[in-house]
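**Q** Here's the letter readout for the chains.
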Amino acid sequence: MQGKPDQRNARGLTTALAGVAVLLAPLGCAKQVQEIKVGEYSSLTGDKATFGISTHNGIQMALDELNAAGGIGGVQVRLITEDDQGKPEEAATAVQKLVSQDQVVAVLGEVASSNSLQGAPICQKNGVPMITPASTNEKVTQQGDYIFRVCFIDPFQGTVMAKFAAQSLNLKRVGILRDARSDYSIGLANSFKETFASLGGEISGDEAYQQGDVDFKGPLTALIATGPEALFVPGYYTEVGLIARQVRELGFTGPLLGGDGWDSPKLVEIGGEAMNGHYFSNHYTEQDPSPVIQGFIQKYKAKYNQVPDAMGALSYDAARVLFAALQQVQAASPEEWKGLLATGAAKPEARRAAMAALRDRIAATSSFPGVTGAITLDEQRNARKPAVVLSIKEGKYAFVEQIAP
Amino acid sequence: MSELAPERFLPLPTRLLRFGLGLAVIVLLQQFVLPGINPYFARILILAEINVILAVSLNLINGFAGQFSLGHAGFMAIGGYVSAAFAVSAGPAVLAVLGASPEAPGPAPSFIVLCLGLILGALVAAITGLLIGIPTLRLKGDYLAIATLGFGEIIRVVIQNTEAVGGARGFINIPTYAGFFAVTLFMVLTLAVHWNLVHSRHGRALLAVREDEIAAEAMGVPTTRYKVLAFSIGAAFAGVGGSLFAHYNGGLHPNTFTFLKSIEVVIMVVLGGMGSITGSILAALLLTAMPELLRPIKEYRMVIYSLLLIVLMITRPQGIFGLGEFDPARLLWWRRARGAR
Numbered sequence: 009m010q011g012k013p014d015q016r017n018a019r020g021l022t023t024a025l026a027g028v029a030v031l032l033a034p035l036g037c038a039k040q041v042q043e044i045k046v047g048e049y050s051s052l053t054g055d056k057a058t059f060g061i062s063t064h065n066g067i068q069m070a071l072d073e074l075n076a077a078g079g080i081g082g083v084q085v086r087l088i089t090e091d092d093q094g095k096p097e098e099a100a101t102a103v104q105k106l107v108s109q110d111q112v113v114a115v116l117g118e119v120a121s122s123n124s125l126q127g128a129p130i131c132q133k134n135g136v137p138m139i140t141p142a143s144t145n146e147k148v149t150q151q152g153d154y155i156f157r158v159c160f161i162d163p164f165q166g167t168v169m170a171k172f173a174a175q176s177l178n179l180k181r182v183g184i185l186r187d188a189r190s191d192y193s194i195g196l197a198n199s200f201k202e203t204f205a206s207l208g209g210e211i212s213g214d215e216a217y218q219q220g221d222v223d224f225k226g227p228l229t230a231l232i233a234t235g236p237e238a239l240f241v242p243g244y245y246t247e248v249g250l251i252a253r254q255v256r257e258l259g260f261t262g263p264l265l266g267g268d269g270w271d272s273p274k275l276v277e278i279g280g281e282a283m284n285g286h287y288f289s290n291h292y293t294e295q296d297p298s299p300v301i302q303g304f305i306q307k308y309k310a311k312y313n314q315v316p317d318a319m320g321a322l323s324y325d326a327a328r329v330l331f332a333a334l335q336q337v338q339a340a341s342p343e344e345w346k347g348l349l350a351t352g353a354a355k356p357e358a359r360r361a362a363m364a365a366l367r368d369r370i371a372a373t374s375s376f377p378g379v380t381g382a383i384t385l386d387e388q389r390n391a392r393k394p395a396v397v398l399s400i401k402e403g404k405y406a407f408v409e410q411i412a413p
Numbered sequence: 005m006s007e008l009a010p011e012r013f014l015p016l017p018t019r020l021l022r023f024g025l026g027l028a029v030i031v032l033l034q035q036f037v038l039p040g041i042n043p044y045f046a047r048i049l050i051l052a053e054i055n056v057i058l059a060v061s062l063n064l065i066n067g068f069a070g071q072f073s074l075g076h077a078g079f080m081a082i083g084g085y086v087s088a089a090f091a092v093s094a095g096p097a098v099l100a101v102l103g104a105s106p107e108a109p110g111p112a113p114s115f116i117v118l119c120l121g122l123i124l125g126a127l128v129a130a131i132t133g134l135l136i137g138i139p140t141l142r143l144k145g146d147y148l149a150i151a152t153l154g155f156g157e158i159i160r161v162v163i164q165n166t167e168a169v170g171g172a173r174g175f176i177n178i179p180t181y182a183g184f185f186a187v188t189l190f191m192v193l194t195l196a197v198h199w200n201l202v203h204s205r206h207g208r209a210l211l212a213v214r215e216d217e218i219a220a221e222a223m224g225v226p227t228t229r230y231k232v233l234a235f236s237i238g239a240a241f242a243g244v245g246g247s248l249f250a251h252y253n254g255g256l257h258p259n260t261f262t263f264l265k266s267i268e269v270v271i272m273v274v275l276g277g278m279g280s281i282t283g284s285i286l287a288a289l290l291l292t293a294m295p296e297l298l299r300p301i302k303e304y305r306m307v308i309y310s311l312l313l314i315v316l317m318i319t320r321p322q323g324i325f326g327l328g329e330f331d332p333a334r335l336l337w338w339r340r341a342r343g344a345r
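Residue numbers (the working numbering), protein chains in the order written: chain E, 9 to 413; chain F, 5 to 345.
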């Protein structure tokens, strides 16, 4: 046991551990400054890192603006960001850390619904409000009354496109081609069907395909035979690109309509020429001429040297909805505000009551002027807000109009 | 290995006493220590315990039997999804028979449901291990690794496309029946089974297969049977780990069980020492805690984490404990002195 190699190894190990200790040391110091702690969990590394980084940028920008303007009642807001590597179980661990170790008063995140679904129950259990910027799956906010979102839910886009088809394009007969294997597609197709019928339109036919199919001529021929003016295809870009090619080959000249599942540079790559003249709904577009959006884009570009995508805009809104609610708590009730400032195990009841008050303030959010439209939270804690409709021209997206709920 | 002779033929009362004492310690920890611990640390501790189960069971396949498997995440997923599906579909009926309400079952009824689901999950995982093992264990080295890797991916894709267990969206709202008590109890059971197995006649046979298959065959060891045995037992305990994870985490997602999860467990086994149970325990604890300890350095934590792995592997290529086991008593001066005498 006293051999030389062992000693050398032990020394190597000690050096390595000491190195880590030195790295960690400065971060361990506790600050005594009064501050409000807000948590964020995002996929800053891993295969969904582009989403996570955009989200973080949006939140950071909202935070810097707030703190530069003096914070909330003179108190600075501190953001604690945890990486979840885009993994569901890591998301749960990250949220657990934010909630019980850092004792944040609210949590922002995640983009992917599957990760939000893992973090939400922990926030709910501990009475910490959570706002997800971009998780559109209905089940996320059904996890409990502390879970909110600032984006619309999947079926809403079906409603939007039905309104667009009936009122803006003046269509009377539309066929539906849905992806039978995707919750998302089924949700959009059903709400489209309902709204379009209520607006006096007629669904000429309703056919289905399965994710991964490459030949759609069967269902397309059946649909075209019913004489539709347009087709609603709420699928993902991979299949939609192929569908667009094949529908033109079959001689159909009307437009295709779809949802945010279309939003990918790959769409035009796959569909090519055949993609021109179609419409789809999305959360936001940088081409929207409204001054709010253009102002945001300029600020974002100045800070990060890139055009913000939908995630950056949605997370900016999520953070600002939270900050507005915090400001209201501070203005309305000094006692609850003190509860939010208190950290440590000093007054857990006061803290919990204060977070419940914060929850109520978030729930009351109404007509909040967000970059992605006016945000109103409904009883299901989902955002009621406008969607934008884009058209595809010469392989590029063009803003058509904004449609309110 | 040889210095640690298994303590055999202990009288039954002594064994029961030890078991009871161990159980009492876990209950006391659960009742009095755990409520005082930050839930975040408790979560890391419980996840580390689950990783111990996974690492030790993979060590049986990779370390003791010498068969390089990369499919552990697949078996874990089977155990997790089967027992979660059981708790969600049959759980309320079982609770009704036990006279407990499905909304708020007491600790005992929920523990019974957990055990039933866990046994079922482990069984299904073991049977799958058997079915996979019989054809693939004819392969050696790299070929076996690739075959098991493929198997793990198949499991994940099948789950992803099974709507009944949530499909690609993930299985959510699984009742959280497994806490510190259940996870610790099953970890100790796993360790006991593996420790006794590798120190038994069958364990020696496994070592013989690992060291030299032809020689073992010549000595009359049925090598295929032992390889399949180790593979199935390892798979069963991966299933145990998976079902504890499902019932602790409260949700499952197919993306948790990619081949990266298998690699993670392989790293624990290799780092701890192939063929060292105590090594696997230490490595599992270390590798679960390390990414959390490194959180303050943000995006660079995975870089540092990987760097530490490289440093460890360069300084100790045979793993922390190599082939041997760590005996805490050896740290004590008197024991060392006595050993030297």
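Read the hints as simulated data drawn from the structure, not as lab findings.
Be aware that one or more of the hints could be misleading.
Stated by the list, open to error - Below 30 Å or equal to it, Euclidean Cα-Cα: the simulated DSSO-like pairs (lysine-lysine) are:
#1 K171(E) - K225(E)
#2 K201(E) - K180(E)
#3 K302(F) - K133(E)
#4 K309(E) - K401(E)
#5 K309(E) - K144(F)
#6 K307(E) - K302(F)
#7 K45(E) - K302(F)
#8 K346(E) - K45(E)
#9 K401(E) - K171(E)
#10 K45(E) - K147(E)
#11 K133(E) - K147(E)
#12 K201(E) - K274(E)
#13 K45(E) - K171(E)
#14 K307(E) - K346(E)
#15 K302(F) - K311(E)
Claimed, not checked - Chain F regions said to be covered by chain E (calculated; three or more residues, Cβ under 8 Å):
#16 47-55
#17 257-270
#18 290-304
Cβ coordinates follow ideal geometry from the N, Cα and C atoms, glycine included.
**Q** Against this structure, judge whether each hint is valid.
**A** Each hint, compared with the structure:
Under the criterion of a C-alpha separation no larger than 30 Å, the hint pairing K171(E) with K225(E) is consistent with the structure, at around 28 Å. The straight-line distance between the Cα atoms of K201(E) and K180(E) is roughly 12 Å, inside the 30 Å bound, and the hint therefore holds. With a CA separation close to 26 Å, the supplied pair K302(F) and K133(E) stays within the 30 Å bound. A C-alpha spacing of about 25 Å is found between K309(E) and K401(E), which places the hinted pair at or below 30 Å, so the restraint holds.
Using a Cα cut-off of 30 Å, the hinted pair K309(E) and K144(F) is violated, with the two alpha carbons roughly 56 Å apart. Annotation: proposed proximity of K307(E) to K302(F) holds, straight-line Cα distance about 26 Å (limit 30 Å). Under the criterion of a C-alpha separation no larger than 30 Å, the hint pairing K45(E) with K302(F) is consistent with the structure, at around 17 Å. For the hint pairing K346(E) with K45(E), the CA-to-CA distance comes to about 13 Å; that is within 30 Å, so the pair holds.
The suggested pairing of K401(E) with K171(E) holds, with an alpha-carbon distance near 21 Å, which does not exceed 30 Å. Straight-line distance between C-alpha atoms of K45(E) and K147(E) comes to about 27 Å, which keeps the hinted pair within the 30 Å bound. A threshold of 30 Å between alpha carbons decides the hint, and for K133(E) with K147(E) the separation of about 16 Å falls inside it, so the pair holds. For the hint linking K201(E) to K274(E), the alpha-carbon distance of about 28 Å falls within 30 Å, and the restraint holds.
For the given pair, K45(E) sits about 42 Å from K171(E) by alpha-carbon distance, which is inconsistent with the 30 Å threshold. Distance check on the hinted pair: K307(E) and K346(E) sit about 33 Å apart at the alpha-carbon level, beyond 30 Å; violated. Between K302(F) and K311(E) the CA atoms are separated by roughly 21 Å; this keeps the pair inside 30 Å, and the hint holds. Coverage of a stretch by a chain is defined here by at least three residues with a beta carbon nearer than 8 Å to that chain's beta carbons; for the segment 47-55 of chain F and chain E the count is 3, and the condition holds.
Taking a C-beta to C-beta cut-off of 8 Å, the segment 257-270 of chain F contributes 3 residues in contact with chain E, enough for the three needed, and the coverage statement holds. Given a C-beta distance limit of less than 8 Å, the hint that chain E covers the segment 290-304 of chain F holds, as 8 residues qualify and 3 suffice.
Going down the numbered hints, you'll see the structure goes against 5, 13 and 14, while the others check out.
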